[in-house]
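A.B. asks: Okay, here's what each chain looks like letter by letter:
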Amino acid sequence: MADRIRSDAGANSRRRFMQQAGAGSAGVAAATLGLSMQEADAATAPAFDATYDIVVAGSGAGGLASALFARWQGNSAVILEKAGSIGGTTAKAAFWYWVPNNEAMKKAGIADPKPDFLKYVARLSNPQGYDPGHPRYGFTQWEYDMCSAFYDSASPAAELLAAKGALPYRHVADVPDYFAELPEDKAPKGRVLVPKEAIPSMADGGLVAVRTMSTKARQEGIPIRTGVRVTKLLQDKSARVIGVEAKDELGATVRLRARKAVIFATGGFTHNVELRRNFLNGPIFGGCAAPSNEGDFVPIAGALGAQLRNMNYAWSCPIPLEKAIAKDGSISGMFSVAGDSMLFVNKYGHRNVNEKLQYNELAQTFFEWDGAKAEYPNLVRIAIWDQRSQQHSASAEYGRLIVPPGTDDRHVIKGATLAELARGIDERFAKYAGAIGAARLAPEFLTNLQAAIARFNQFAKTGKDLDFKRGERVVEQLFNGDVKDEPGRSNPTMWPLADAGPYYAALVVAGTLDTKGGPKTDTNGRVLDAGDQPIPGLYGVGNCVASASGRAYWAGGATLGPIIAFAYRAANAAHAEGRSAA
Amino acid sequence: MKTEMLLPLAACLVLAASLAQAQSPGQRLAQSACTQCHSFGKGEPNGVGPNLYGLLGRPAGASTGFAYSKQYLDAMKGKTWDRALLDQWLADTQAVAPGSTMAYFQDDPKKRAALIEYMQSLK
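Protein chains in written order, with this note's numbering: chain H, 1 to 582; chain V, 1001 to 1123.
FYI, nobody ran anything at the bench for these hints, they're computed from the structure.
All figures in this text were calculated on a predicted structure; none of them were measured in a lab.
Idealized CB from N, CA, C, for every residue including glycine.
Warning: the hint list may mix true and false statements.
[As the list claims (entries may be wrong)] Computed footprint of chain V on chain H, listed as stretches where at least three residues anywhere in the stretch have a Cβ under 8 Å from a Cβ of chain V:
id : region
1  : 83-91
2  : 398-408
3  : 411-423
Bound-form chain H, shown alone (with noise of 0.2 Å):
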């Protein structure tokens, strides 16, 4: 009986994944583009419910664009979403992508060599190692071997996505690298790429990238399935990686062959509580990656050997508290911390940070330690601001506290007064305890509070914050959001809080726009195993793999210009592999 169900569901699955345009319209699809039906054509053997060169699982930029370069070059391809709807992490991005070395940037004239952009990418990678007189800038021949890759590919790649039409770009020539100041960053701005029919302010690039590619795709042919999770590997005798075996929506499950290689491009672990806790170098809360980035890969890929590098580092960002606890699915990363009249405390009331710090900078400084009361200080931090931040520098873009009336604003705290306030803020502390470790506010909180706010205001004053130097690097004022313009003022992220309420407050802890460890793998994405060689059939794109930048993140768009650099290289590589037999 069992067993009769079992195999009526499978039956189900399959006649449902046929339906479903698997394998019909791949059929479709390669009569249309003049393949011969054996090359896309379905199930060769009985096991496999059809049949690829190959198998994408991701439908996020390293999966849509992966498939699209092996599509290029005449291979079949599906790409398979875990999630009932495409796009992934990238669906929520700004979707800068950087791009050294870049056609714009040549075209303008302004140089990008390099031996100067490897030891940029080095001296923030691995600060401790950096040597600018070692062969690879102290980089290791992996580290070096990669960033260089990069840099050699992501041009090409973006250059052949958008005259493909999958994504077209426009030019960002104005905007900084997040180090633009280090002498080591020879082209500090130019290298910066964003979808050419994004909004002025960007903030919706994704949407705009996943709508091109993906329709892209489905022109070229490409079966894009939703609601398919690749649950492991299938191999040959001799360990070669020829399928996939996932579950559907409903439950049933699949298996699809891979001719030549399956391509993973699921994202990072920021959604498994006990990847995050066993590898992350500090107390993350979530993030902005898709729900569905569940670290999906880690197991997967580790049951057939791969080994495993930078588990302990993420894309970083703060993140409202609040939204992290609901699981809110649209939550955003604060990519700009707004308002000038505004400052960030602790439960003590101490400032002790500056606010206007580049993201993932200022994520890293909330796993702060106190060794002698046993804690995370800053675990939690408050923003504060008053009316004019409120009526200058509210957005519902880039993730910000801050937000418009009419938007949601369950997270804002507001106060009469300060004591109102600080009252608001602590019950909301109370709500959440079981997640924050029980804290709550000093009772000192409130005098602290007005202390700091008193300092700041006379830093405001003055345009020199002499505590933490906020505002004085440029990435910090090109994030710095809208504020009231005042004429004159020599530091615009920065104005005195007022004197009177009311006030507002929300609740911020550390969190990830993705993380960035998992299989190595090598220039070609192939994953490796730990003997440092290929385990073959199987690549790695994106988060899902890990990224040789340790800790840093050079630069906004330094998450997506390596996946479309990688994406371009692992494509290529797949598509060089002979078919299998069946």
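Got chain H; can you put chain V on it based on the hints?
C.D. replies: What follows is chain V alone, placed relative to chain H:
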């Protein structure tokens, strides 16, 4: 002794039944396909996309406080959300409103029907 063992079991069954009721196939599909961008509860805020409570019967593009794309407004002008329009929309948003922000497609008519059923149940 026997009743003691049976009672918790019965309680479990009731719980399981009520959970299954709470999570219709349509709601499960909505959870995995839609909630990254849309909220469904009455009075809940817009996300990446507009709140979808009470969508059926409403004119398209009428959610207050939500900024629609020009492509969407042009394509949907004068249309009212009914089951047929929603079915077309869920089958391929880009076929209905090319160039609009939402890229979603569901080839399986049964899954579309379940989603529509769920959305119709919200009132």
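A.B. asks: Are three or more residues of the region 411-423 of chain H within 8 Å, CB to CB, of chain V?
C.D. replies: Violated, because only 0 residues of the region 411-423 of chain H bring their Cβ atoms closer than 8 Å to Cβ atoms of chain V.
A.B. asks: Examine the region 398-408 of chain H for residues whose CB is less than 8 Å from any CB of chain V, and state whether their number is three or more.
C.D. replies: holds (count 3)
A.B. asks: Checking C-beta pairs, does the region 83-91 of chain H have three or more residues closer than 8 Å to chain V?
C.D. replies: n = 6 at 8 Å, threshold three: holds.
Hint violations for this structure: number 3 only, all remaining hints satisfied.
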